[in-house]
Each structure stands twice: as C-alpha cells, then as structure tokens.
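Each chain is listed here by its residues.
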Amino acid sequence: MGLLAFFRRTPPTASVAKERLRIIVAQERTNRGGPDYLPLLRRELFEVIKKYVNVDADAIQVNLGKEEGHDVLEFSVALPGSESRA
Amino acid sequence: MTLETESTVQSPAAQAESAAGSAPASVANASGLNAGASRLTEIIVVTSGKGGVGKTTTSASLACGLAKRGKKVAVIDFDIGLRNLDLVMGCERRVVYDFVNVIHGDCTLKQALIKDKRLDTLYILAASQTRDKDALNVEGVRRVLDELIADGFDYIICDSPAGIEKGAHLAMYYADRAIVVVNPEVSSVRDSDRVLGLLSSKTYRAEKGDTKVKEHLLLTRYSPRRVATGEMMSVEDVKEILGVDVIGVIPESADVLSASNAGTPVILHSQSDVAQAYEDTVRRLLGEDLPLRFLQEPKRGFLARMFGG
Ligand SMILES: Nc1ncnc2c1ncn2[C@@H]1O[C@H](COP(=O)(O)OP(=O)(O)O)[C@@H](O)[C@H]1O
Ligand SMILES: [Mg+2]
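Chains as they are written, first to last, in the working numbering: chain A, 1 to 86; chain B, 1001 to 1309.
The hints are simulated quantities; they were obtained by calculation from the structure and are not laboratory data. Every residue gets a Cβ at the ideal spot worked out from N, C-alpha and C, and that includes glycine. Please note that a few of the clues may not be correct.
Pairs of lysine-lysine residues, derived as DSSO-like cross-links and limited to a Cα-Cα distance of at most 27 Å, are as follows [as the list claims (entries may be wrong)]:
{"no.": "1", "chain 1": "B", "residue 1": "K1072", "chain 2": "B", "residue 2": "K1115"}
{"no.": "2", "chain 1": "A", "residue 1": "K18", "chain 2": "B", "residue 2": "K1214"}
{"no.": "3", "chain 1": "B", "residue 1": "K1071", "chain 2": "B", "residue 2": "K1110"}
{"no.": "4", "chain 1": "B", "residue 1": "K1239", "chain 2": "A", "residue 2": "K18"}
{"no.": "5", "chain 1": "B", "residue 1": "K1212", "chain 2": "B", "residue 2": "K1072"}
{"no.": "6", "chain 1": "B", "residue 1": "K1133", "chain 2": "B", "residue 2": "K1202"}
{"no.": "7", "chain 1": "B", "residue 1": "K1068", "chain 2": "B", "residue 2": "K1110"}
{"no.": "8", "chain 1": "B", "residue 1": "K1071", "chain 2": "B", "residue 2": "K1117"}
{"no.": "9", "chain 1": "A", "residue 1": "K66", "chain 2": "B", "residue 2": "K1208"}
{"no.": "10", "chain 1": "B", "residue 1": "K1110", "chain 2": "B", "residue 2": "K1072"}
{"no.": "11", "chain 1": "B", "residue 1": "K1202", "chain 2": "B", "residue 2": "K1214"}
{"no.": "12", "chain 1": "B", "residue 1": "K1072", "chain 2": "B", "residue 2": "K1214"}
{"no.": "13", "chain 1": "A", "residue 1": "K66", "chain 2": "B", "residue 2": "K1212"}
{"no.": "14", "chain 1": "A", "residue 1": "K66", "chain 2": "B", "residue 2": "K1202"}
{"no.": "15", "chain 1": "B", "residue 1": "K1214", "chain 2": "B", "residue 2": "K1071"}
Covered by chain A, according to a simulated footprint, are these stretches of chain B (three or more residues, beta-carbon under 8 Å) [what the hints assert, rightly or not]:
{"no.": "16", "segment": "1189-1200"}
{"no.": "17", "segment": "1220-1232"}
The following block holds chain A by itself, in its conformation from the complex:
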C-alpha cells in the first residue's frame, strides 16, 4: 500500500461485498426453482406482520426446501430486539 492510500484509509470493503452476495445469491437461488408467487407471498406476509410488529423487510425469510421427499415452505421472522447485536 502506498503512502497516499495509507492516509486515505479507505476501509477494505471486499469482504463485506462477498458476505452480502453470499446471502442474496443463496436466497435468489432458492426462489428461482420455486413457484412464481414466492416474492408476492413474501411481500404480503410482510404487510400482515407489520400490522402487529414493527419489523424490517429483511427480517422475513421465506425458504423453499425439501424434506423427506416433499417440498417444504419455511418462514422465519426475526422480531426486533431478539437479534443479538455484535
């Protein structure tokens, strides 16, 4: 690293990029093979949950998986405050 770069001190962000991509790519891949209604379902779920709890869109995970031969639709909602902050 040169002196100027040292003084500029841009924080290294490549690892952040990689981590974000790992998550979004995995999520998009599960949705891809799945039914077209998944994004809409996720959106409507979000609307309903928001009536009761103040959550962010990224707190809602909708996953399509397989278990013992049949497809399983899995929801998880992380409630505010339940998340341990680093």
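Put chain B with the ligands on the given structure of chain A with help from the hints.
Below, chain B with the ligands alone, put in the same frame as chain A:
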C-alpha cells in the same frame, strides 16, 4: 420504504421470467438446430446480465483470437438498436446489411456478413439500429445459425445485449457454451447468477433435456492492486460465490479504450497485458490448461509505490 425497494428489485425478475418463457415455446418442438453430436460448429454466447462489463470487448477479442488460429469464426451482434460490435471491430463503415435484414429476408446472409480485413477467416454480422424490439425472433435466429453451420463455421460468437429480456435470451438460446462476463463488483456478480439460472433453464439445451450449456466465468476489469488492498473481491471470492469455473481474468487497462478508439480488437495489441490475458482465454477455450496470469500487481517504481495510485 423498505418494501418499495424490495418490490422494485423483484418485479423485473418476474417479468423477465415470463417474457423469456413465452418466446421460445414454438421452437422447442420444431426441427431444432443442426444440433447433435455430428455438428462441428460451436455456438458461444458472451453474456452477463449487467451492461458495460466488457461483453463486446470480449466477443471481438475472442473472435479474433480464434480466427488467428485458423478457425472460421462468425461474430454476431445481438444488441439490436445499439450496435457496438462493428465499432470495436473497426468495420462500422462497411455495414450495408445487418442481422435483422437477414432475418426479414431483405438480403442473403452472405451479403450481410462482413469479412474482416485483418483475418481471413473472420466474419462479422452487425446488429440493426431499428427500434423495433421484436425485430429478432427465435425462428429467424435459428435459420441464420443453421446457415452458418452449413457453411462450415467452426465458431459462432453471440455478443449478448445487457439485461435478461428477449435480446439476451435469444443470444443465449442456442448456445453450446456460455462465457459469463463478470466484474468483481456486487451488482455484476448478482446479475451473473441470474444469467446462470437462465442458462440452465431457458436455453434450447435445457428445454430439450440435452447436455447442459458449458458455463465459464470471465472476470474483466480486474484490478490486482485493489484486490490486494481489500477494496475489490478476488477471483477466488467470485468463483466461490457463483460456483462456476473461471476461464480467464482480464485486467483493467487503458489499452482497452485506445483499442476501441482505433477500432482494433484489443487482443491484437499484442504487447498489452489485456491482449495476453485474452490470448490465454482463447487457448483455454481450445482446451489448453494454463494457469491464470495478471493476478498480481505489476512491479512499480519506488515513487509510484510510495505515493500509491
Ligand atoms: N479490461 C478492461 N479495462 C478497462 N476498460 C474496459 C475493459 N473491458 C471493457 N472496458 C470498457 O468498458 C466499457 C464497456 O465495455 P463493453 O465491452 O462495451 O461492455 P458491454 O458489451 O458488456 O456493455 C467500454 O468503455 C470498454 O472500453
Ligand atoms: Mg455490448
């Protein structure tokens, strides 16, 4: 607020999915391309999802590199409405007829193919500048590809437009092999993953249940210096996220701009790192096993190192 963002991210995907799904239906059960084991022509799509990542630069250089090795090559610009490949190849003033003219029967394929002045076995088919998005159709594309196959071309390179809509879909539809051009940057990597999904579901090979389209990543605009300082994802990072083999890494270089200014595909600027990186990629396409080069920052003088760059 968050919801808005979410929906704009997701709805174009759904749209593209259905647009792409409807287009080829008529052809899936048509006679099909002169596919099958006996065909010697390989159809390669250069694709990416995101625009401006280096598809056209790559298509031009790979086509030249293959032709330099005596292969008979046609490179086709699928970017209808924009037309850039002819500029990068330096033949813009020789375009009389284009891809859409051939499909509409305004001329023969032979009339529209532009023979390169530098390499004897290289031909270019320019994109049309029409604004009609439906100018291309799967039937027409198939007829053109079939005729090139019958003419004994070894390679057909399809330079895809950006996006995941009809044009990009048609460019990849008949591919045997796909080169997914990706920059080490979040939106490009994500779009590449979408394109990989389409390659494995919306191509002729996928629909017919044939052997899969061979997929490769080509990293371009790679900056070893920024990778070293942790500002840019590395080849390994991108490869790990996408899970596809890497056929080449092309460094970021000002030589690309000067080459396109001159209308000479950058691979012909033989002293440049970019040219050598593209040459390596061509050799890997032809089956050679070569280590990746230009992953390290070139050695610089003392002052340059002290003051960064
Ligand atoms: N390796 C590279 N280094 C520097 N600039 C590049 C490189 N590859 C492409 N470019 C530049 O990026 C821009 C987009 O390239 P282009 O090949 O037209 O992309 P696409 O066809 O994917 O839209 C052009 O200005 C080109 O000169
Ligand atoms: Mg282009």
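| Among all the numbered hints in the text so far, which are the ones the structure does not match? | none
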